[in-house]
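Line order of the protein sequences matches chains A and B. Just so it is clear: in the first sequence, position 41 is 711 by our numbering, and no numbers are missing. Just so it is clear: in the second sequence, position 85 is 117 by our numbering, and no numbers are missing.
In short, the hints are calculated from the structure, not lab data. Backbone N, C-alpha and C fix where the C-beta goes; we use that ideal spot for every residue, glycine too. Be aware that one or more of the hints could be misleading.
[Claimed, not checked] The calculated lysine to aspartate or glutamate pairs, modelled on EDC-like cross-linking and capped at a C-alpha distance of 20 Å, are:
hint, chain 1, residue 1, chain 2, residue 2
1, A, Lys753, B, Glu113
2, A, Lys941, B, Glu94
3, A, Lys803, B, Asp88
4, B, Lys74, A, Asp865
5, A, Lys753, B, Glu130
6, B, Lys109, B, Asp128
7, A, Lys941, B, Asp88
8, A, Lys753, B, Asp128
9, A, Lys803, B, Glu82
10, A, Lys803, B, Glu71
11, A, Lys952, B, Glu130
12, B, Lys74, A, Glu810
13, A, Lys952, B, Glu131
14, A, Lys952, B, Asp128
15, A, Lys753, B, Glu131
[As the list claims (entries may be wrong)] To list a few chain B residues with every Cβ distance to chain A over 10 Å, as calculated:
hint, residue
16, Pro100
17, Gly101
18, Gln111
19, Glu113
20, Gly126
21, Val133
22, Ser174
23, Gly190
24, Ile191
25, Thr193
26, Asn199
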Amino acid sequence: MSPTPILPPDDLEPVAGGGLLDRRMFLRQGIALGGAGLGLLAFDADATDVPRWMKTPGGPFTNYGEPSAYEKEAIRWISANAKAPGHGISWTPLHRLEGTITPNGLHFERHHNGVPAIDPEQHRLTLHGLFSKPIQFSLEQLFRYPMVSRQCFVECGGNSNAGWHEEPIQTPVGYFHGLASSSEWTGIPLSILLDEAGLQPEARWLVAEGADAGAMNVSIPIEKALDDTLLALYQNGERIRPEQGYPMRLILPGFEAVLNVKWLHRLQAVKEPLMSRNETAKYTELEPSGKARQFTFIMEAKSVITQPSPGFRLKGPGLYQISGLAWSGRGTIRRVDISADGGRSWAPAALQEPLLSKCFTRFRLPWRWDGSPLILKSRAIDDTGYQQPERSTLIAERGQRGYFHYNAIVAFAVDSDGSLRHVYA
Amino acid sequence: MSMPSLSSPSRSGLRRVGRAHLFIGLLLPLWTPLLAVPEGPKLGVSITQESILPLDISVFPEGTGLPPGKGTAVEGKMQFEALCQGCHGVKGSGGDAEELVGRSPLNGSRPDQTVGNYWPYATTIFDYIRRAMPLNAPLSLSNDQVYALTAYLLYLNGIVTETSEMNATT
Chain A
671 MSPTPILPPD
681 DLEPVAGGGL
691 LDRRMFLRQG
701 IALGGAGLGL
711 LAFDADATDV
721 PRWMKTPGGP
731 FTNYGEPSAY
741 EKEAIRWISA
751 NAKAPGHGIS
761 WTPLHRLEGT
771 ITPNGLHFER
781 HHNGVPAIDP
791 EQHRLTLHGL
801 FSKPIQFSLE
811 QLFRYPMVSR
821 QCFVECGGNS
831 NAGWHEEPIQ
841 TPVGYFHGLA
851 SSSEWTGIPL
861 SILLDEAGLQ
871 PEARWLVAEG
881 ADAGAMNVSI
891 PIEKALDDTL
901 LALYQNGERI
911 RPEQGYPMRL
921 ILPGFEAVLN
931 VKWLHRLQAV
941 KEPLMSRNET
951 AKYTELEPSG
961 KARQFTFIME
971 AKSVITQPSP
981 GFRLKGPGLY
991 QISGLAWSGR
1001 GTIRRVDISA
1011 DGGRSWAPAA
1021 LQEPLLSKCF
1031 TRFRLPWRWD
1041 GSPLILKSRA
1051 IDDTGYQQPE
1061 RSTLIAERGQ
1071 RGYFHYNAIV
1081 AFAVDSDGSL
1091 RHVYA
Chain B
33 MSMPSLSSPS
43 RSGLRRVGRA
53 HLFIGLLLPL
63 WTPLLAVPEG
73 PKLGVSITQE
83 SILPLDISVF
93 PEGTGLPPGK
103 GTAVEGKMQF
113 EALCQGCHGV
123 KGSGGDAEEL
133 VGRSPLNGSR
143 PDQTVGNYWP
153 YATTIFDYIR
163 RAMPLNAPLS
173 LSNDQVYALT
183 AYLLYLNGIV
193 TETSEMNATT
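With the rest of the complex left out, here is chain B:
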């Protein structure tokens, strides 16, 4: 059963890098903050938005949350060979873990859904690698390493050149 669909607003700038257009399959009515909510004992401890910054590792499509740092695909290739290739294969394909490269058309019969043809945002790759990879040591990479690895994956998928720099503003 299909729901009304609304194409996602197109984003300008480099961050919308993928070729797939994800459709938002849900129209959200505005909620009203005046809902009747049962009373709680209100025991939550106030914190400042700053104090939770170390925990806040979310990176949003407009770039909010991207940390300082930079890297290129050339640097990323070295990191990848050392830290990722064992599971993901040489140049991100043919490994035991997920295929990271592939640009086959999505309307073909058995497309691999990868960064090259399916993922819509570079920030998604950054957000995911930083929090979850390498699988055996998540949250161990420096910001520069994550920028370089993101650049490398985009390079392998033909989205950026080998020497273009990735940072919080690209």
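Isolated chain A, as found in the complex:
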């Protein structure tokens, strides 16, 4: 049996061009999807036989579980420097994931010089500089402090930067927009520790430094440090993984990832920013005038369709569900619109609750594809009213050499054979 898309009842009128249907349709009708139509659910011809795994005992228990052996494609792609394998990035395969939580082993990585093997017993966090009482903490001490949990995304300032290229990059969504991940982080509000050390009123910045080989350092504005910044110890319920900053890292919800310093070991309170390499040479955006934007911390609203997307193929006309992710460093996603006619008409997608601030938000919309070529787009609007810009608008404002903070609307062309391509449209 090949995956036959189930056609919706004839009385279901599209709500926008290209066959977009009402976002409440699945809820009302309880219609089943045609195997998502993406070739993910291909049935065997003899699917009525009793499967062999029902006839022999299964595998043993495991101390730490792993994904199914069939999920070999849900992996990070790595791009590292040939001369220095610890210098590079790896992407979250957003196109292979659903929901809003990134599995810990798939959180994106950016390391400047490898993952340090930190012994937690020897690790100390030092607060000094403009504090009336400089102090140092061991992990044992920190575990007695009050903790809170919050779900939020962490996104590299350089995420999606292929969007600046002259030609649209042809790669699965995760390897274009996957320098963004979302987790539940648990840790100590940083304000508690700053307060204990006696932060002085003239302190305006905290220079945060990691204990990696290269002692990655950046300056953090004190308002953010006192607001919702966490000294995170847990990620999705388990201790933070080495690649994510074990035994502790900063989480600054909504701010570009470079400020969320991993392997944190030193916080120095100062009056002026350090002007470190990663806040001058990098993570600043050159503008058309030849001047640069600096300290552009907040990640603006962005959305991207993760299914259907390039690398997958629609199996003929019929009913599909469009699914994707939206997020904003300024707050909560209020609306995501989808277009199936290149932006001429738009329909609001259903947003998965709970809607959390500065967090991945899953959007979905039913769509009946009639088999003709068209262009899919999504655009996010956050609760400040900010709307994700078209690419041409972003480029008119920022030029093409900014490198960081690319958040334009993404477009996929669907061809009549069901294949998808990234396009500028």
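Following the hints, put chain B in place on chain A, whose structure we already have.
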């Protein structure tokens, strides 16, 4: 979306050496130290500012944190050829790692953003080389070596002469 911008206060003296003017894209309100903060068990161990000096490797734009020592581009060239050229290429360009030299105008179509045209402060170079380079042996350079390498990179980018000395006060 652009935020209100405020040009960074211009700094006098030699340390502001780059040609780019970085704009501070954020106006910071003064914070009040009287925020309600949840109570912690206050287990932090007091330390003296002096005791953490060995850990404190931050170097600020006004020169705070610069250690004693000195070096010139002539000396830096020798260090560079021995320790850095393998990754960064002869005279800092054409290697596998980042371009270290380049003065193409920043409003051109594909400028390399380097020390010569983009980085604003000599202290940034010092701070970064000392903590992070060479990539295969960070924190291995002496202060004199870091001063000399900083001088060499500034020399390659046409900012200082080959024999001008770099130290904590230049």
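Verification of the supplied hints:
Of the pairs offered as hints, the one joining lysine 753 of chain A and glutamate 113 of chain B holds, with about 17 Å between alpha carbons and a cut-off of 20 Å not exceeded. Our distance criterion of 20 Å between C-alpha atoms is met by lysine 941 of chain A and glutamate 94 of chain B, whose separation comes to about 11 Å. At roughly 16 Å between alpha-carbon atoms, lysine 803 of chain A and aspartate 88 of chain B fall within 20 Å of each other, so this suggested pair holds. Taking the CA atoms of lysine 74 of chain B and aspartate 865 of chain A, the gap is near 10 Å; set against the 20 Å cutoff, the hint holds.
Note on lysine 753 of chain A and glutamate 130 of chain B: the hinted pairing holds, with a Cα-Cα distance of about 12 Å set against a maximum of 20 Å. Between the alpha carbons of lysine 109 of chain B and aspartate 128 of chain B the distance comes to roughly 19 Å, so the proposed pair stays at or under 20 Å and holds. Straight-line distance between C-alpha atoms of lysine 941 of chain A and aspartate 88 of chain B comes to about 16 Å, which keeps the hinted pair within the 20 Å bound. As the CA atoms of lysine 753 of chain A and aspartate 128 of chain B are separated by approximately 7 Å, the hinted pair is consistent with the 20 Å bound.
Restraint check for lysine 803 of chain A and glutamate 82 of chain B: satisfied, since their Cα atoms lie roughly 13 Å apart, inside the 20 Å limit. The suggested pairing of lysine 803 of chain A with glutamate 71 of chain B holds, with an alpha-carbon distance near 17 Å, which does not exceed 20 Å. Restraint check for lysine 952 of chain A and glutamate 130 of chain B: satisfied, since their Cα atoms lie roughly 11 Å apart, inside the 20 Å limit. With a C-alpha separation of about 13 Å, the suggested pairing of lysine 74 of chain B with glutamate 810 of chain A holds against the 20 Å cut-off.
Annotation: proposed proximity of lysine 952 of chain A to glutamate 131 of chain B holds, straight-line Cα distance about 13 Å (limit 20 Å). Taking the CA atoms of lysine 952 of chain A and aspartate 128 of chain B, the gap is about 18 Å. The hint holds against a cut of 20 Å. Taken as a hint, the lysine 753 of chain A and glutamate 131 of chain B pair is honoured in the structure, with Cα atoms around 15 Å apart against an allowance of 20 Å. At roughly 20 Å, the least C-beta separation between proline 100 of chain B and chain A is larger than 10 Å, which holds for a residue marked as non-interface.
Listed as a non-interface residue, glycine 101 of chain B keeps its Cβ farther than 10 Å from every Cβ of chain A; the least gap is roughly 19 Å. Under the 10 Å C-beta cut-off, the non-interface status given to glutamine 111 of chain B relative to chain A holds; the minimum distance is some 19 Å. No Cβ of chain A comes within 10 Å of the Cβ of glutamate 113 of chain B; the nearest lies about 17 Å off, and the non-interface call holds. Glycine 126 of chain B, annotated as away from the interface, keeps every beta carbon of chain A farther than 10 Å; the closest lies near 13 Å.
With a minimum CB-CB distance of about 13 Å to chain A, valine 133 of chain B clears the 10 Å threshold, and the non-interface call stands. The Cβ of serine 174 of chain B lies farther than 10 Å from every Cβ of chain A, with a closest approach of about 17 Å, so its non-interface assignment holds. Look at glycine 190 of chain B: its CB is around 17 Å from the nearest CB on chain A, clear of 10 Å, so calling it non-interface holds up. Chain A leaves isoleucine 191 of chain B outside its interface by the beta-carbon criterion, the shortest separation being 15 Å against a cut-off of 10 Å.
Residue placement check: threonine 193 of chain B keeps its beta carbon more than 10 Å from all beta carbons of chain A (closest about 23 Å). In this structure asparagine 199 of chain B is separated from chain A by more than 10 Å, as the shortest Cβ-Cβ distance comes to about 19 Å.
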